[in-house]
Amino acid sequence: MDAFENGRFQNKPFIVGSTTEEAVMFISCVFAKLPTVEYEAMVYGLFPADAAKVLLAYPPSGTGDEQSVAAELVTHYLFSCPVRKTLRTAARRGDSDVWLYVFAHALAQGWPKEVSCCNGHVCHASDLFFEFQSLKLTKYNYTHDEQVLADSMAYYYGNFAHTGDPNKPGSHMAQGKPAIPWPPYLQSEGFRNVRFDVPEDSIDQQYLQERCDFWDSINPYP
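Mind the numbering: the sequence shown is residues 1 to 222 in UniProt numbering, read in order.
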């Protein structure tokens, strides 16, 4: 991120995004339970100067198991908000061909037993299964809506690979449905992003604004 802040990057079109629950895999698959005292110790260890602020923003749940709040915190701190800051910095530095996505679909048929903690969650790398349609190489069968989602992502990424713009060329090639315009992630466009989900994609505006404004204010990014 320092490279972007200092303008040390190539001014080229790029797409960046994250899933809505990136850190579930790294929290729930590691800890059978995360007691409140251990969660608070984690926060103080990661953010010694700002731990009180972080705990105010992400307070313990009171259930005695803080996996959910920890996963949300780490998702925002390490994934969603650094991605946002990177794109906004690139745009501020003059790169107007930047697009943000949020992937929000949990696998309908679940994950392998080794990562069953991700069942019902949109874990890290979930988007890649649809972007590359790689689940077809396994015994996983996409539902109809999931195939529409995968085809939609292939359309945008195919366009981007050929033209540098996910919206060009032309009409949608799957299920006869038109693709929604994916706006660049710019202040002039209202900081909008595409949300990949079933039964259809949609457009978000100012995704996680308050959360990411908080993280930007303490700037803890690695």
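Read the hints as simulated data drawn from the structure, not as lab findings. No residue lacks a Cβ here, since even glycine has one placed at the ideal position from N, Cα and C. Heads up, a few of these hints could be off.
To be verified - Derived SDA-like pairs (lysine to any residue); straight-line CA-CA distance at most 20 angstroms:
#1 Lys113 x Lys85
#2 Lys113 x Asp2
#3 Lys12 x Gly164
#4 Lys113 x Asn6
#5 Lys12 x Lys85
#6 Lys12 x Asp2
As the list claims (entries may be wrong) - Estimated spans, in silico, between C-beta atoms of each pair:
#7 Pro181 x Glu210: 38 to 44 angstroms
#8 Pro181 x Leu46: 19 to 25 angstroms
#9 Leu137 x Lys168: 27 to 33 angstroms
#10 Glu38 x Asn119: 47 to 53 angstroms
Pairwise hint evaluation, Asn6 against Lys113, where the allowed Cα distance is 20 angstroms at most: Judged against 20 angstroms, a Cα distance of about 44 angstroms means the pair is violated.
Take the C-alpha atoms of Lys113 and Asp2, compute the straight-line distance between them, and say whether it is at most 20 angstroms. violated, 39 angstroms
Assess, step by step, whether the Cα of Lys113 is no farther than 20 angstroms from the Cα of Lys85, and give holds or violated. violated, 35 angstroms
Just to be sure I understand the hint, the distance between the Cβ atoms of Glu38 and Asn119 should be within 47 to 53 angstroms; is that true here? violated, 24 angstroms
Is the straight-line distance between the alpha-carbon of Lys12 and that of Lys85 20 angstroms or less? Distance ~17 angstroms between Lys12 and Lys85 Cα, so the pair holds.
27 to 33 angstroms as the expected CB spacing between Lys168 and Leu137, which holds or is violated: holds, 29 angstroms
Mind checking the alpha carbons of Lys12 and Gly164 for me, to see if they're no more than 20 angstroms apart? Roughly 8 angstroms separates the two Cα atoms, so the pair holds.
Taking only the CA atoms, is the gap from Lys12 to Asp2 under or equal to 20 angstroms? holds, 18 angstroms
Honestly, do Pro181 and Leu46 meet the 19 to 25 angstroms range at C-beta? violated, 39 angstroms
Okay, Pro181 versus Glu210 on CB: inside 38 to 44 angstroms? violated, 26 angstroms
Taken one by one, the earlier hints fail for this structure at numbers 1, 2, 4, 7, 8, 10, listed in ascending order.
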